Amino acid sequence: MKEKHDYERARRYGMVIDLDKCTGCGACMVGCYMENNVPFKPDETNKLDSINWIRVYKLNNGKPYPETEICYLPMPCMQCDGVDLHGHSPCVSVCPAVATDYDDDTGIVSQIYTRCFGCRYCMAACPYHARKFNWWDPVWPADMKKALSPDVSPRMRGVVEKCSFCFHRYQLARNKAYFENRQNEPLGEDDYQTACAQACPTGTITFGDLNNKAHAVHQLKTSPNAFRLLERLGTNPKVYYLTAKNWVRRQGDNYLTDEEPGKLKQKR
Amino acid sequence: MKINRRNFLTYTTAAALGGAAGTLLTPVPWKLMDDAAIWTQNWPWTPVPEAGPVSYKPSICTLCPGGCGIYVRFSGNRPVKIEGMKEHPVNKGALCPMGLSGLQYLYGPDRVRSPLKREGKRGEGKWKKITWDEALAAVTEKLASLRKLEEPQSVACITGMEGGTLPSLIGRFLTVYGSPNLMRQATAQDAGAQAVFLTQGKQGTPGFDIENADFILSFGSGMLDGWGAPGRMSRLFGARNTAQRFIQIEPRLSDTAASANRWIGINPGTEGALALGLAHIIVKESLYNKHFVETFTFGFNDWNDEAGVAHTGFKALLEGYGPENVSRITGIQEALIKSLAREFAGSSRPIAINGRGKGALPGGMNETLAVHALNALMGNINKTGGLYVIPELTYAKWPDLGMDGIASRGMRQPRCDGAGGDLFPNSRFLLNRVPTLINTTKDGSPVEALLVVDANPMYTLPDTAATRKAFERIPFIVSFSSYMDETASYADYILPDHSPLERYQDVPAPAGMSHQVISLAVPVIKPLYDTRHTGDAFIHMAKALGGFIEEAFPWNGYEAFLEDTLQGHWRILKKKGVVEIIETPAASDRFTFNTASAKYEFYPTARAGTGKRDSDVLPAYAPAILDGDEKTFNLILIPCDSIRMAGDHMASSPFMTKTVDDTVLKKQMTLVEINPATALKLNLEEGGKALLKTPKGKASVLIHLYEGIMPGLIAMPRGLGHTAYSEYLANKGTNINELMGPIEDPASGLDMAWGIRAQLFRV
Amino acid sequence: MGSNGHHHAASTKATPDSAIQASGWGVGLFFMIGFAGSLLAGWILFPEMLYSKKKQPIDFNHAVHLETVSDGCDSCHYFEKDGSFTGMPDLSKCVDCHESAQTGNPEEIKFVDEYVTPGIEVPWLNYSKQPDCVFFSHAAHVMGAGMSCESCHGDIGTSEHTRVYEENRLTGYSRDIWGKNISRLGKPEPGAPLPMKMNDCAKCHEEKTGRKGACFQCHK
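Protein chains in written order, with the numbering used here: chain A, 1 to 268; chain B, 269 to 1031; chain C, 1032 to 1251.
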């Protein structure tokens, strides 16, 4: 059983993604691949078996030329807090192996590959398609193995993987904090950033502790333009999106024709 | 107790049971279970990356001409990641997907690992490993024999870099050897450079101060699709303030158009007409910068020359481009043309830029001149938020060349591409003309030996079939590529260069930057394979050729040459990696122009000459005549660019390709975009198979319906369809150059094509 | 196998000829032989067979080094500025003192000849090596919790010779991870390195911090 936790004081790492700034360049994806030893195959066009920890989706307002508009939407793992913020995220609730778990200290949903036995319940449970399965053992051709980072362990066939909010960077940042004897202070925004936020050339992705007033995300998430995906499922994602475009916002959840996004009562 | 055949089994069983019971009381089952679990978690084929101290080495990304600053992250002595350099003036920390995946080009299976000599037929892929001594001797021998035949001009060299000291070194080599034929494939930046020369009389490239402009009018430039330095452009977009307006004009809703404040659809290829149409309104409504135009420009009004002959000026040219006419040509409503012109002229620092997509194709010279004229009308030349000229770097004086009669005679021969000749005096190289010129030569080839450095013309040149035919006729092809690209795989010898992270390379003027930034890419690791810097290879060959050719290269290697060449900059570059020269020209110098009139020339006198009418000199709208009969080929195919795909001689890295949507590439098929309305007429549906035919070729494609493209057009992504390289990069879709040919701009000889007529059948 | 044996026992019972019948004593005796044999095999032979014995490439004398250096363990096993722990020093650190042999010690001469001169890293065998999925923060334990090196690694600092490295044939990891004691019952001898399996970490964490800790605290 999960112990009760004081969520106001705990860290809750989250992301605010400004869709009006995203140009769809894909730097976040490539930055993530390189950082997290994400595998690749000669053919990656079957997106059902293509492993991405963050994927940029292309939305379209569906209007004819020349009224057409498109919007790019980067989607990492939403790191759901679950109903009532108790860490019962959809995937954690169904994992029979405790291979995926919710970290009360950071709010990050962990995935331990050596613990996972590949039942894929979590993939079925995740409403965001954030989880990917290794159908094959990854192959790194030629000398590509030399580019693997020691900070993230490479996965093997038969396990599920997903975005970790670059948790290894949190570990390294904590290491440094210990070394500098500031382990009892909260980490600064610059101490811990995800690879995608760092790679984003337009500043679309802002990452930080949602509960820390000194972090930009704390304020950004309260913007009237902020919303979360499939908010009404009660998954409580820690990834917020910003957009001034109503048509984009409508695609973020299932709305009835007479419902207006942003005007519905939300549970936090 | 007797043991016999019958009770033996009983006793054995008893012993086994005892053994089993005993075993349960030993660690054996529990320990083995635990160990087996650990064993299953550590398959020997799952790599365990070796940990080491983390360090960062600064360098410059040279995968495209952008020249963004990078940090290479090391784990021990292994580069494991490339990240943007925050303090670099070009990109300030931002990088594109190509730069971010740069390590895949270093470690990938596409590297050529040693010098190779062709064994089988050309392009067959049968190679023999040879030593560097053998490889260099073979090339030197060929070059020496052509000199002996007194035909040094039959040696041509194609480079890929837009500047830097390596092309200068190769140019020096060719000069002293006796060949004028140093070429590269011209881009929009070269068209811009020629426009700058024609209007301002300066040798240099245009630099756009987009950072400080408040109204950016882009004639189809894919500012977020890889135009200029991608890192810089993305960062600028993210950092732009609300006061900046950014208007994108193109027939397809590109990623750039999607991020612009406003996207205006336009009939493809009519951008030049729109520029003149806007100028028409600005002049008619007197919205232009009169002080600048009256004081510092030439050819705006009509005038009489010294001989008393009356000439038409730019203003008179504009009379033909009233909104009604321009609306008809461009498909943009009159009211919109007018309001756009007023908004442009009403801004305090408006800037107009051109070069379609990434700027891979130069486009018509008149179109570029018309866009430059818009900037000149507003006086936005060499000032904040305007159009600057980045002068060509003047390198240190190298020792004078001693040349023999063979070399001098060779250098006096016309270039094999016709650039700089009577036909195209203002163009410096016209590689796009070479395949046709070779193919139309009766016997043999004007090019006897072709050296290809950092370029991949067999992929990047339009009309792949014609290019291949021409290359078939070149008896001796040497590639210096680091990768097994299309040209390398067709070459007779490959003398592989180090890959970008293993070599020195100076990047003098990042594409599109508004001021001079000289950066130095340094080797961050020792070469992984048996490769050699191409600069070293050329210096070696010069020494082997001996005599005055050897004397022209007193350096013991490329690094010494670089140090000697960059002189004062070298020390700073070695230390800091970058020299930033922000020269704000003195007010008096700002409007110093080196043209015949010493003014900015709306009427470029350099284009005038015997037999040239004013209408040939002024930048009238001169549309490209597309190949193909309009009735048979009832659609128009245009290329489209994406920052997620490499468009130049490099193929997209595996990670770049991985980011590409399945609406662009599916298995081995390219998806072409067409408007749903067009699809309905042609009975085509989403994901369906179709045959795409153009006068140049045909390809099997899949259909993607996209509302954001003008009806009647087909958009095909550039950068797909590589036939060489490994399975990670090759055989993905169609190379658009197989379907599109060059169109020679009568004004410059540059390739002015932006599309081709096409037809699409359901199959 | 068990059920098979039972079947045979039953069929033997049905045989009328008592001369060939197995005696109860006999069954008991053989059972005990099997029982005792397996106990011996399981407790003595099995641990011997499970681990292969490897020698370190150089017989390193910690005691001598500790006398010479000024900064204790930290002299060679130190933290980088980013808080990461260097662990086994690489050759460049050794070369600081051992560019050429300092003493006549044959091991040192071997070290210089075989590794320093040709510039080859010494393939030390790491007694505490963890699987790739483990992230262990030395900083958290040493700087944060104020633990000494000895509290986990035992008194290796005073050793004059390198121990035999016992490598688990199945997992490839050092015997130290499981613990010298194959039963994992009782406490390790004083001065011996502590076992380092996940449960050991969790147990200590629970004792010291009240929580086992989140997965990502120690996994990557």
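No wet-lab data here; the hints were simulated from the structure. Note that the structure is a prediction, hence the values are computed from the model and not measured. Backbone N, C-alpha and C define an ideal beta-carbon position, used for all residues, glycine too. Please note that the accuracy of each hint is not assured.
Unchecked claim - Chain B regions said to be covered by chain A (calculated; three or more residues, Cβ under 8 Å):
1) 341 to 354
2) 709 to 720
Stated by the list, open to error - To be clear about the criterion: a stretch of chain B counts as covered by chain A if any three or more of its residues have a C-beta under 8 Å from a C-beta of chain A, and this derived list gives those stretches:
3) 317 to 327
4) 498 to 508
5) 912 to 923
6) 985 to 997
As the list claims (entries may be wrong) - What follows is a set of in silico ranges between Cβ atoms, one per label pair, in the way DEER data are often shown:
7) A:ASP191 to C:GLU1237: 25 to 31 Å
8) B:PHE276 to C:SER1214: 49 to 55 Å
9) B:LEU293 to C:GLU1237: 58 to 64 Å
10) C:MET1178 to B:GLN936: 54 to 60 Å
11) C:VAL1165 to B:LYS394: 47 to 53 Å
12) A:PHE117 to B:LYS935: 30 to 36 Å
13) A:PRO42 to C:GLY1203: 30 to 36 Å
14) B:VAL1031 to A:PHE117: 20 to 26 Å
15) C:GLU1237 to B:THR510: 50 to 56 Å
Query - Broken hints, by number - result: 2, 8, 9, 14
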